[in-house]
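Residue numbers (UniProt numbering), protein chains in the order written: chain L, 1 to 126; chain V, 1 to 126.
Hints may contain errors.
Pairs count within a copy or across copies, as identical chains cannot be separated in the list.
[Claimed, not checked] Here are the computed lysine to any residue pairs in the SDA-like style, where the Cα-Cα straight-line distance is at most 25 Å:
| hint | residue 1 | residue 2 |
| --- | --- | --- |
| 1 | LYS40 | SER74 |
| 2 | LYS83 | THR118 |
| 3 | LYS37 | GLY97 |
| 4 | LYS37 | TRP99 |
| 5 | LYS83 | VAL64 |
FYI, nobody ran anything at the bench for these hints, they're computed from the structure.
2 protein chains.
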Amino acid sequence: MSKQELVVLGQSDENGGCCPGLVTTPLDEDQAAELAKLFKALGDPVRLRLLSMIASRAGGEVCVCDLTPAFDLSQPTISHHLKLLRQAGLIDCERRGTWVYYWALPATLDRLAAFLKTSQTAETTA
Amino acid sequence: MSKQELVVLGQSDENGGCCPGLVTTPLDEDQAAELAKLFKALGDPVRLRLLSMIASRAGGEVCVCDLTPAFDLSQPTISHHLKLLRQAGLIDCERRGTWVYYWALPATLDRLAAFLKTSQTAETTA
Numbered sequence: 001m002s003k004q005e006l007v008v009l010g011q012s013d014e015n016g017g018c019c020p021g022l023v024t025t026p027l028d029e030d031q032a033a034e035l036a037k038l039f040k041a042l043g044d045p046v047r048l049r050l051l052s053m054i055a056s057r058a059g060g061e062v063c064v065c066d067l068t069p070a071f072d073l074s075q076p077t078i079s080h081h082l083k084l085l086r087q088a089g090l091i092d093c094e095r096r097g098t099w100v101y102y103w104a105l106p107a108t109l110d111r112l113a114a115f116l117k118t119s120q121t122a123e124t125t126a
Numbered sequence: 001m002s003k004q005e006l007v008v009l010g011q012s013d014e015n016g017g018c019c020p021g022l023v024t025t026p027l028d029e030d031q032a033a034e035l036a037k038l039f040k041a042l043g044d045p046v047r048l049r050l051l052s053m054i055a056s057r058a059g060g061e062v063c064v065c066d067l068t069p070a071f072d073l074s075q076p077t078i079s080h081h082l083k084l085l086r087q088a089g090l091i092d093c094e095r096r097g098t099w100v101y102y103w104a105l106p107a108t109l110d111r112l113a114a115f116l117k118t119s120q121t122a123e124t125t126a
């Protein structure tokens, strides 16, 4: 699968930020288009629940077989939502035998968090 | 205008967080539905540009008359996008004479940032 969309957030930014912060300067059209794709991927309750199930899992990864029973949705529908999260660079996956295993990509989540954050707090990276 | 949707983020949370953090515990259906509305509001390039123009403005507020010239869109279309941002609790506004003035609501932005952030850094609130 193409990972073209994984690079949308300006990964060369040394500060780990994506684009200028929201309170720093107005976004240009390209930056806004790229970020909007990511927020759109988050703008669905099923995808948010899937992402939180994956991101909060101790051990860091989840078998798709553990995700689908939580939803009253078909496997193809769940797979479609997972694909959109993956295309946005929010999760990644690997097939092992019968099952596909998913994990969150914290760099993307943290870049979005840094973009949204308005209060400039003193902060030390752990 | 109803501000019903402004309370979706669990403002009673003393930590200023909205719901559990994404990496903390899976969201329940209600939490996911509420957060998805907010991310959906951010999931459009025009709305993201409007929000960044408003949030980054020195002085804290922007006349709608300064927003519309930046877009090749009709005034009603801009107003519609602003309304969606307002319904999500991301901005608020006030009419003064001829014009409407907009400002960002940092509490909502910071709650979303806290929700997305995966790295638990030592942090002191300024």
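Verification of the hints:
Taking CA atoms no more than 25 Å apart as the test, LYS40 paired with SER74 passes in both settings, with 22 Å inside one copy and 23 Å between copies. In this homomeric assembly, LYS83 and THR118 come within 25 Å of each other (Cα to Cα) only across copies, at 21 Å, whereas the closest approach inside a single copy is 31 Å. In the homo-oligomer, the alpha carbons of LYS37 and GLY97 never lie at most 25 Å apart, since the shortest distance is 32 Å inside one protomer and 37 Å across protomers. Taking the shortest alpha-carbon separations for LYS37 and TRP99, neither the intra-copy value of 28 Å nor the inter-copy value of 31 Å comes in at or below 25 Å.
In this assembly of identical chains, LYS83 and VAL64 lie within 25 Å of each other by CA distance solely inside one copy; the values are 12 Å within and 38 Å between copies.
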